[in-house]
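Those letters in the sequence shown? Residues 1 to 250, by the working numbering.
Do not take every clue at face value.
Said to hold, decoys possible - Between beta-carbon pairs, the in silico distance windows are:
#1 ALA141 <-> ALA230: 39 to 47 Å
#2 ASP63 <-> LEU189: 32 to 40 Å
#3 ASP207 <-> ALA236: 17 to 25 Å
Worth flagging that the hints you see were computed from the coordinates, not collected in a lab.
In this text the structure is predicted, and so the values were computed from the model without any measurement.
Glycine included, C-beta positions come from ideal geometry on N, C-alpha and C.
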Amino acid sequence: MRGARVAVACAVAAGLLAGCSAGGSAPAGTPDPAPDALTGTLVVQAAASLTGSMDEVARGFEDAHPGMTVTVSYGGSSTLAQQIVQGAPADVFASASDATMQTVVDAGETAADPRVFARNALEIAVPPGNPGRVAGLADFADPARTLALCAPEVPCGAAAATAFREAGVTPQPDSLEQDVRAALTRVELGEVDAAVVYETDVRAAGDRVEGVTLPDDADVTTDCVVAPLAGSASPAAAAAFADHVAGDDA
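Put together the whole structure using the sequences plus the hints.
This is the structure in structure tokens:
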């Protein structure tokens with residue numbers, strides 16, 4: 001989320017600098033600034049892996065546009081894409097992979113080209129203390145361990161499949177989850193010995209999980225992409241929010 005966070009930080013810094021400018025008041029004859037034209041409510045459909053970080057970005061957008069309220073709904077990218085294609089009301093889509101976003105693009109449901117705003121890498125999440133002694137991807141071939149993966153049709157599952165293929169490992173998962181948050185939750189609850197999730201999920205979970213880094217030859221990254229949607233009831237605000245996420249509003 002570097003682009004959006006940098007954009008928000010720059011916007012705040014710019015405001016502080018403006019407030020501290022010499023003289024403390026505008027020169028005579030300077031017109032009052034125009035009110036923010038963006039008002040209303042935006043519905044953002046965002047990948048489960050963005051839980052928390054997209055809330056932070058949404059609050060930054062609301063701070064920059066006091067007339068706006070942003071509601072973020074999270075789920076598996078593939079599920080969200082299908083809902084959008086089938087007509088679910090939404091203004092902006094933030095996907096955990098460009099392949100999933102392409103489903104929405106191909107259906108003519110985007111109002112502008114998708115833009116990459118972050119890259120995420122895979123990491124193995126294990127319960128505190130790593131009771132299953134999971135050291136790497138090879139351990140996912142061990143039927144004696146209890147393991148979770150994302151389903152292959154969702155971005156985290158597709159990325160994991162690539163990592164296993166490159167590592168020459170055939171995993172033996174006990175469960176296939178429909179989004180990365182569900183896989184992470186299984187680890188947090190101690191229901192599995194390990195799950196392949198994103199680095200950002202491991203960091204967000206804090207001390208509820210520990211991370212096992214993948215080796216360089218199995219290091220797979222995914223692009224997080226955002227686009228305003230063609231069916232938005234507030235196209236100008238949707239475009240502005242996508243700009244904000246991508247860091248183009250600084």
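Hint by hint, here is what the structure shows:
At about 44 Å, the beta-carbon gap between ALA141 and ALA230 stays in the expected band of 39 to 47 Å. Judged by the Cβ atoms, the range 32 to 40 Å given for ASP63 and LEU189 holds: they are separated by roughly 35 Å. Checked against the hint of 17 to 25 Å, the C-beta distance between ASP207 and ALA236 comes to roughly 43 Å, which is inconsistent with it.
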